[in-house]
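Sequential numbering of the sequence shown, starting at 0, is according to numbering that gives the first Met the number 0.
By construction, these hints were calculated from the structure, which means they are not laboratory data.
All figures in this text were calculated on a predicted structure; none of them were measured in a lab.
Be aware that one or more of the hints could be misleading.
[Stated by the list, open to error] Quick list of in silico lysine-lysine cross-link-like pairs, DSS-like style, CA-CA up to 30 Å:
hint : residue 1 : residue 2
1    : K42       : K130
2    : K488      : K414
3    : K90       : K79
4    : K54       : K37
5    : K51       : K380
6    : K385      : K190
7    : K385      : K414
8    : K79       : K168
9    : K90       : K130
10   : K298      : K79
11   : K168      : K122
12   : K165      : K42
13   : K385      : K42
14   : K452      : K468
15   : K190      : K380
16   : K190      : K488
17   : K51       : K165
18   : K468      : K51
19   : K380      : K165
20   : K165      : K54
21   : K54       : K190
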Amino acid sequence: MATKRSPKAVSASLDFAFFQFLWQFYQGNRGTIRSHYKELTRKFLDFNNPEKNPKAFLRQPQFEALETYVFLKEFLGNAKVEEIFQHWFEKQGRFADRAEGGVVSGNTAQIGLFDKITQDQYKAVFAAMRKNSRAYPNYIFALTMGTGKTILMATCIFYEFLLGNKFEKDARYCHNALVFAPDKTVLQSLKEIESFDLTRVVPPEYVNFLTAHLRFHYLEEAGTSLDTLDRSRFNIIVSNTQKIILKRQHKEKTSVDKLFGATGETVAASGVYADAADLYNFDQPEEEGELTTNQRFEKLRRLEQLGIYVDEAHHAFGKTLAKDMGVGAKETDTSLRTTIDVLAASLNAAGTRVVACYNYTGTPYVGREVLPEVVYAYGLKEAIDKAFLKKVTLHGYSNTRTDEFVDIAIESFLKETDGLRPEGLSPKLAFFAATIDELTEELKPAVERALLKHGIPTSRILVNVGDDKLTTNDDIREFNRLDTEGSEKQFILLVNKGREGWNCRSLFGVGLFREPKSKVFVLQATMRCLRAIG
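Make the full structure from the sequences, and use the hints.
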């Protein structure tokens, strides 16, 4: 007779963080695991290991995430998370105590870990993993803001291309990379992948190869086409999700449309993609639905062994979390995973494939549940304790939508940053308004009055709201150069822009000229000023 499990039991199951046990297993068996790696891989890891290279550039969480990335690929063979979890729980394959091809750890502490998860917990977690399983491996790296997700992503791609070049026929390695950004702010920050000095993370003997062969493609504007050569390698394509995302075709094409339409082909979504349910309410393709493709999507289908990297990946985690983050209010806003699924199916039909999808986000949780696909996590408290981020001081006000609040915030900011110029940069203060109208009619005049009171020119104000009438191209350039010595802008006025992907280390304060409904919004906005400097 079937019995209904109690909410407490289900909660306990979904609270189970498999990534912690995975990391403990790796730490306990690092030497044996490394013996399975390619020699080039060991060189790459040693170059970035602060314990072996005093000049290593990566921070602890970045290097640990890189170790996990390589562990999944070269020791576990790009297995899906649910397969890894099953083998771990059942002590099979690589996780067997004594099995052909497995690790002989002799570590009794590791065996003790199995006692911490019951059969019921295992079934609940495994069911959640299977429910959200894709046709390709799907991993989540959850590193809190400011710990360097963009540099980590770049380092992983460089590693992929070096190994993919030397072992061309090894299906585990990516030959091309597609990087998805949810909006222009994040896309702009991802340009750091190209500008980043790769000598910091790549051993010197391999730098020339990457410098000569890397090809960057940015799909920022609606009319931008993708000009990759068919079957070419070592392309890094950085795109706003909406520039490649599939749109459902609502009307029947006419004969003229079929003859002249640049996006003529449609992809029928069926089989496993249509049938797969989803833990996070992704917008899945439907059995009878057809999705129109565009030129960029068509070019991507002609690239071999594609790795997909999703920045700020909570945008693909479904409507509930996306709504809490302040995005994804519309049905079409959650179709990124649909696009990746259909792209994977299309590549597979063309004789190649999506090697894996690597998601980078700031949290391993949806509400109180651990995302099942998380393979590594590093939290906000750890980052502050290790001085990877600034320490934060919170000030609460009963009413923040007043001139008095703005005046107090600016006076406090000027007092606390008096004479402070870290790395030669002027300290910045950002204000978030609820709407553009509120920013122009209330917030900006209040900031101007407060600055004049302190004898500061209003030219120090910068407005960036994504509206051409209020934010010029010059303003965008100023926004992108806030962390340069020549920047005189100090007071940044925003609405939603800048909550994600805005890398401004000289930002020392955030004021919320609004009453956010979501605690996540408050956390995101506050964290903008935590990036370490000096």
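Results of checking the hints against the structure:
| no. | hint | in the structure |
| --- | --- | --- |
| 1 | K42 with K130 | violated, 38 Å |
| 2 | K488 with K414 | holds, 18 Å |
| 3 | K90 with K79 | holds, 16 Å |
| 4 | K54 with K37 | holds, 23 Å |
| 5 | K51 with K380 | holds, 27 Å |
| 6 | K385 with K190 | holds, 27 Å |
| 7 | K385 with K414 | holds, 27 Å |
| 8 | K79 with K168 | holds, 21 Å |
| 9 | K90 with K130 | holds, 22 Å |
| 10 | K298 with K79 | holds, 27 Å |
| 11 | K168 with K122 | violated, 37 Å |
| 12 | K165 with K42 | holds, 14 Å |
| 13 | K385 with K42 | holds, 27 Å |
| 14 | K452 with K468 | holds, 28 Å |
| 15 | K190 with K380 | holds, 28 Å |
| 16 | K190 with K488 | holds, 22 Å |
| 17 | K51 with K165 | holds, 24 Å |
| 18 | K468 with K51 | violated, 53 Å |
| 19 | K380 with K165 | violated, 40 Å |
| 20 | K165 with K54 | holds, 26 Å |
| 21 | K54 with K190 | holds, 24 Å |
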